[in-house]
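Engineer: Chains L and B supply the protein sequences, listed in that same order.
Sequential numbering from 1 applies to the first sequence in full-length UniProt numbering.
Sequential numbering from 1 applies to the second sequence in full-length UniProt numbering.
Hints may contain errors.
Note: identical chains are not told apart, hence a pair may lie in one copy or across any two.
[Stated by the list, open to error] When the alpha-carbon atoms are kept at most 20 Å apart in a straight line, the in silico SDA-like pairs for lysine to any residue are as follows:
1) K40 - D136
2) K26 - R109
3) K26 - N77
4) K40 - Y73
5) K40 - I110
6) K26 - E75
7) K40 - N181
8) K26 - D50
9) K26 - N38
10) K26 - S12
11) K40 - A61
12) K40 - A178
Keep in mind the hints are simulated off the structure, nothing from the lab.
Number of protein chains: 2
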Amino acid sequence: MPSHMGRMTETSFSLRTLEGDDVARKICDNCGFVAYENPKIVVGSVVRHDGRILLCRRAIAPRQGYWTIPAGYLELNETPEDGARREAREEATAQLAIERLLAVYSVPRISQVQLIYRASLAEPTIAPGIESQAVDLFAWDDIPWDELAFPSVHWALNHDRAAQEGAPPVPFTNPDGATGNTMPDGRALPVGEF
Amino acid sequence: MPSHMGRMTETSFSLRTLEGDDVARKICDNCGFVAYENPKIVVGSVVRHDGRILLCRRAIAPRQGYWTIPAGYLELNETPEDGARREAREEATAQLAIERLLAVYSVPRISQVQLIYRASLAEPTIAPGIESQAVDLFAWDDIPWDELAFPSVHWALNHDRAAQEGAPPVPFTNPDGATGNTMPDGRALPVGEF
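Kindly produce the complete structure, drawing on both the sequences and the hints.
Structural biologist: Right under this line is the structure:
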């Protein structure tokens, strides 16, 4: 039985560079465990139904109360398409038919790569999941542009519209070198929240 | 000074499901640290120069001695394109001009998503980096097909050739529902090595 069983010490990590590595890693002061940190993959989709677009009003931080497309972190052992379908189930009780990859965005400040798909509803019903205050289908002119949660929601909606209007089926990337650090109208995002 | 300073206990994690979560996480038995695990992003490129393709013979596990395209894990705060360029610098001392996204592959067994770009050499020189035993430019018919490191190297080379022959510039995905669990000729990959 290891000597530490039955008690808990304080969580304590130090940034140290291991021999043969060239990046400092978070290393547990108690046991030497190396907490490698990697960029995270967000999967999501712009979902159309009868010419309108599915948005979810976030019930959780970050950006609670703001509207977003169904999207979230890819889980272990999941394909991106499966992850995008799962997020739409969880956030909007929606069953998706995925058409194709719409965009690959990156937000290096928060170490995110986003894979965004074009999709439609395979079933006409939607309802808020536990992470959503509300879900709704919006005509283009009714989209709450000032209440969108993230810069990439703006990007994805506009890119989906460009695709709908005949842009070639090549995935879009960040518009004009945008970094995702501010909203498209220049507003800052809350610091430290995400 | 925390009570545990100055000594090291044994690294010991248990799989437990926290309240409000629905997936079991690795939790440190010593201090309660939750080691969230996420899928990893591999960035790489098929690099052409004068009609030949850059391959690197791996000097490190997994698949030491086998040939691969320059590719590796995306680092924190890095865009995928920057990561692909960095990997080519590290593995082949190569300066890349990236053209476009060639493919998005996923290998759910090992929780990998791969973003593979088409690129050319911005400078004509290549040389083995520390992780490569050798680097070389191969004409299509000289590619060492039986000594390629991973299934996705096969996929990427074939998809790059299709692109070269005029396939539309839409990113490819895993061919025919392939999972990446075996080599294209049916050979198994070494278990547990990666």
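Engineer: If a hint holds in the structure, say so; if it doesn't, say that too.
Structural biologist: Evaluation of the provided hints:
no. : hint       : verdict
1   : K40 - D136 : neither (28 Å within a copy, 33 Å between copies)
2   : K26 - R109 : within (18 Å within a copy, 26 Å between copies)
3   : K26 - N77  : between (25 Å within a copy, 16 Å between copies)
4   : K40 - Y73  : both (7 Å within a copy, 12 Å between copies)
5   : K40 - I110 : both (9 Å within a copy, 15 Å between copies)
6   : K26 - E75  : between (22 Å within a copy, 14 Å between copies)
7   : K40 - N181 : within (17 Å within a copy, 23 Å between copies)
8   : K26 - D50  : neither (49 Å within a copy, 44 Å between copies)
9   : K26 - N38  : both (12 Å within a copy, 16 Å between copies)
10  : K26 - S12  : both (9 Å within a copy, 16 Å between copies)
11  : K40 - A61  : within (17 Å within a copy, 24 Å between copies)
12  : K40 - A178 : within (19 Å within a copy, 24 Å between copies)
In summary, the structure is inconsistent with hints 1, 8 from the numbered list given earlier, while agreeing with the others.
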